Structures are given as structure tokens and as C-alpha cells.
Amino acid sequence: MTSEVVIPRTPTLPVWASSRLNALLTSKTSDRFDRIFEATFAQNVSVVFNGKSLTRD
Numbered sequence: 003m004t005s006e007v008v009i010p011r012t013p014t015l016p017v018w019a020s021s022r023l024n025a026l027l028t029s030k031t032s033d034r035f036d037r038i039f040e041a042t043f044a045q046n047v048s049v050v051f052n053g054k055s056l057t058r059d
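So in my numbering, spot 46 of the sequence shown is number 48, and the numbers just go up one at a time.
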């Protein structure tokens with residue numbers, strides 16, 4: 003009997019991003035939102051929205 007090595011599939015970036023953002027938008031508690039946010043965005047993320055730099059804070 004041979005054993006097969008199963009390699010997990012990595013989702014495409016659009017699928018991953020859509021899944022994470024949907025989870026954030028539909029989270030029912032602030033604790034769940036915070037956990038998903040922490041798992042999605044790096045501590046040192048740099049965001050520019052409408053020409054303005056934003057931080058995670």
C-alpha cells in the first residue's frame with residue numbers, strides 16, 4: 003500500500019482576498035472581526051486611500 007502526499011491548494015489572490023474581506027464584513031462580533039483583521043493585514047501595512055496615507059490604527 004502506498005501513501006499519497008496531499009499538497010494543500012493555495013487559493014488565488016482574488017479568491018483569498020474576497021474570502022477575507024467577506025469574513026470581515028459579515029463578522030458578528032468585534033472579537034471575531036479583530037481576529038480576522040489580525041490574520042489578514044500585516045502589522046506594518048501601508049495603505050493609501052483616495053490619496054491619503056492610512057495606518058492600521
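Worth flagging that the hints you see were computed from the coordinates, not collected in a lab.
Model, not experiment: these values are computed from the prediction.
One or more of the hints may lead you astray.
Using C-beta positions, here's what the derived DEER-type ranges look like [unchecked claim]:
hint: 1; residue 1: 23; residue 2: 59; range: 41 to 47 angstroms
hint: 2; residue 1: 33; residue 2: 11; range: 26 to 32 angstroms
hint: 3; residue 1: 27; residue 2: 6; range: 36 to 42 angstroms
hint: 4; residue 1: 56; residue 2: 8; range: 36 to 42 angstroms
hint: 5; residue 1: 6; residue 2: 48; range: 23 to 29 angstroms
hint: 6; residue 1: 59; residue 2: 6; range: 43 to 49 angstroms
The beta carbon of each residue, even a glycine, is placed where N, CA and C say it ideally should be.
Numbers of the earlier hints that this structure fails to satisfy, in rising order: 1, 5
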